[in-house]
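If you're matching them up, the sequences are chains A and B in order. At position 315 of the first sequence (counting the first as 1) the number is 315 in the numbering used here, and the numbers step up by one without a gap. To convert a position in the second sequence, counted from 1, into the numbering used here, add 1000.
Treat each hint with caution, since some may be false.
What the hints assert, rightly or not - Within a straight-line C-alpha distance of at most 25 Å, the following computed DSS-like cross-link-like pairs (lysine-lysine) qualify:
#1 A:Lys411 to A:Lys524
#2 A:Lys353 to A:Lys496
#3 B:Lys1044 to A:Lys331
#4 A:Lys560 to A:Lys449
#5 A:Lys79 to B:Lys1231
#6 A:Lys79 to A:Lys477
#7 A:Lys219 to A:Lys275
#8 A:Lys39 to A:Lys496
#9 A:Lys84 to B:Lys1045
#10 B:Lys1261 to A:Lys79
#11 B:Lys1254 to B:Lys1229
#12 B:Lys1229 to A:Lys84
#13 A:Lys84 to B:Lys1121
#14 A:Lys79 to B:Lys1036
#15 B:Lys1036 to B:Lys1102
#16 B:Lys1045 to B:Lys1074
#17 A:Lys353 to B:Lys1186
#18 B:Lys1044 to A:Lys79
#19 A:Lys331 to B:Lys1150
#20 A:Lys79 to A:Lys239
#21 B:Lys1031 to B:Lys1074
#22 B:Lys1074 to A:Lys79
#23 A:Lys411 to A:Lys449
#24 B:Lys1229 to B:Lys1261
#25 A:Lys30 to A:Lys353
#26 B:Lys1186 to B:Lys1171
#27 B:Lys1186 to B:Lys1231
#28 B:Lys1150 to B:Lys1102
#29 B:Lys1121 to A:Lys331
#30 A:Lys411 to A:Lys275
#31 B:Lys1045 to A:Lys79
#32 B:Lys1051 to B:Lys1008
#33 A:Lys524 to A:Lys219
#34 A:Lys411 to A:Lys496
#35 B:Lys1121 to A:Lys353
#36 A:Lys6 to A:Lys41
#37 B:Lys1051 to B:Lys1031
#38 A:Lys21 to A:Lys486
#39 B:Lys1261 to B:Lys1186
#40 A:Lys34 to A:Lys534
No lab work stands behind these hints: they were computed from the structure. This structure is a prediction, so every number in the text was calculated from the model and none was measured.
These are the residues of each chain, in order.
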Amino acid sequence: MELLVKNGFVYDPLNGIDGEKMDIAVKDGKIVEKVNERKAKKIDASGMLVMPGGVDIHSHIAGSKVNSGRLLRPEDHFKDFEPKTPITRSGVGYSVPSTFTTGYRYARMGYTTVMDPAMAPLEAKHTHEEFNDIPIIDKASYPLLGDWWFVLEYLREGRIEECARYVAWMITSTKGYAIKLVNPGGLETWGFGHNVRGLDDQVPYFCITPREIIRGLCKVNKLLNLPHTIHVHTNNLGKPGNYVTAVETMKCVEDLALENKPAIHITHCQFCAFKGDDWRTLESGSEDIANYVNGHSHATMDMGQVIFADTTTMTADGPFQFALYELSGNKWVNHDVETETSGGIVPFHYRRKSYVHAVQWSIGLELALLIRDPWKIFMTTDHPNGGPFIAYPKIIAWLMSRKARGATLKKVNPRARSRSLLPSIDRELGFCEIAIMTRAGQAKALGLKDKGHLGIGADADIAIYNVNPETTDPSRKYKSVRRAFKQAANTIKDGKIVVNDGEILKHVGGATMWLDVQTLEPIKITEEMKRKFKEYWTVEYENYPVTEHYLEVSRPITVKADV
Amino acid sequence: MIHLYPKKEFDLPLIAECINPDVFQNETCEKIEQLKIWEGNSQKKLGELFKVEENQTASQPEKTAITIYGDMSKVRKIGACMQNGEIMIQGNVGMHLGEEMKGGKITVHGDAGGWAGSMMKGGVIEIHGNASDYLGAPYRGSSEGMRGGKIIIHGNVGSETGAHIQNGMIKIYGSAGQFAGFRMRKGIIYVQNDCGGRAGACMTEGTIIVGGLLESVLPTFSIEGVRKKAKIEEDEVVESPFYLFLGDLTESGKGRLYVAKEKNPHLRIYERLL
């Protein structure tokens, strides 16, 4: 089918197009130079923004922990539900929506690619089954490898290449996309009832430090030529004074970066930018982190912005979730995934009037505004840890308008307000910078060649928003910008119009992207590995891999490794 | 004054949030008949299920008083979120009666289903029969319990009465099931007769008064002393010696649990600790 998006203001930062009035032609799900204007279906986008479909680098949308979160929170469902329509299926949930609803809600905001950042390898099948049920958006998942016993053992012995081979086997057999590290070393230590306190604390039994794990997997990542960098949730997350750890984590891979390419992605950075000795003296460490990131080019990060709402926190960081449980006294799930990782879930309510929560809210925005290069920081809420993803339009308004920030700042805890850096920041982002932070930058960091831009040959994932950049000043009329980003005028996925004025027109399946890592020699299952599977796992290795027929729409990306 | 008569015996559950004085106010009988009600999975009009009559001779010309005659035990969410007015039900009533209600009064001359007065914020619910489980308790999983208002039950109630209650009062002139005042944070629960086990489990503040038999007090409660009387509200004081326990210590709670001394001779062993 041919499609022509006419006369929109196109923002395509990867191709250097900044608000130019032009037409976008689509044929067979790809962007093409031109189409037959008489035959093609035309979409009139005059006076509207045309951007590539949104890309979300970090959003917990599927998998065993998300489903446990759903089970834990029936009260999250009964106030937020969507009845079925002739096209869409019904669904429930505000902070942990059901699979179908997740897809619809993302599509309504013009998002077409979403990454689930934490898949316990053992639970990979569950994650992919949920992916199959998330319509419209393309998705991929990062297996949690930072505390896998194989990785810890081989890295301790310095056998990087062998480690790389096993990581390649793991990514391919779990159909994952990148290497995720969560509190490296800390999760294994949590199995012994403790946590690591810094990059140089030793993990019991394995005698390895978080620094060695991060550096080791960074090298592995490079050996395997993976499209994304290592995706790191730092140690000491959610503890006052942890900005030092975040900076040290970035520093520890400084020498591994090549040709100014990123080597590390620090995720939900807001949660690791706390200064101060305890919760009472908590302050923002965003300035120090921003200074470091502004001076270096090997790190990217995402915000992890806090939204004042009742949400559900879920991470693989078991010890952090335990601390959160002790803090909130709320109900709590804790899980230990055999040899691989751990997990925890705690419902959490961010309140405006709480000093700590208001400071957290401020830190996220400060980071986004103080880091000068939008290609280095991306917009996320770490859904649902900082807040549900449906709050993205609010964040866009805060980033684009000083007035919007001021309006919220007026309502937050007065002590937090007086200490916030936000009143001193004049920067207001433009539509181009927003396009970078919500799609182009994320696609570039992820190494997705066909996403996040509207160049010829790219996937025809397009979002059209009903706001005119020529007549609307986002700084003053932030409410109309917010409204526009909340409900895309049109979302086009693979050349099909799926959303019109915030209404789903078509229920199409989204693809699951995964890496087919091809090592120089095919990976052999050694006797040693079989023995370990027998000894350590409850699942036999023959049953362990996710075969391709598990994925309803499979989109493998072949990667040639150097080992 | 509006009178509602069910036209048939209901088999399927009905969700009737619209039976609410705030909705009926300033509406004609015809408009009221057009209001939507879910019966099972199909949407019906109120007029198809109920006969609506307006009592014009009454001295109350407004439609803020509703009387329902007949068995309503399948009808849920009557008076949900109501703020003013009065509902009287001459018969039994279904689940979620007066959910999140903020004001006004509901009187039931019969039994009520589960979750009556769930998450209520104000107003009065008076039930002359029995009430089922989760009286005044929040929706499953939620910890946002009752925040105000008063619930009076003249019969017995089921389990988990007043779970997560944050304020307000529940008075039961019959017996209560297990876990009365579970995770209670504030407010008062009075049970005139017997009370099932584990009363006040995980409570942090508030008061539970048991006038009848309480089989056992949780081991995480400590005895504070013997009191001559217990006050329910300004003009209602129960004069009888009570054991006073404080707890629940697992939650570092300071909740007060009064248990009538005479009806509970088995608790005399606690006196040794005083």
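Inset, instruction - Output the numbers, in ascending order, of every earlier hint that fails for this structure. - result: 1, 2, 3, 5, 6, 7, 10, 12, 13, 19, 20, 23, 25, 34 and 40
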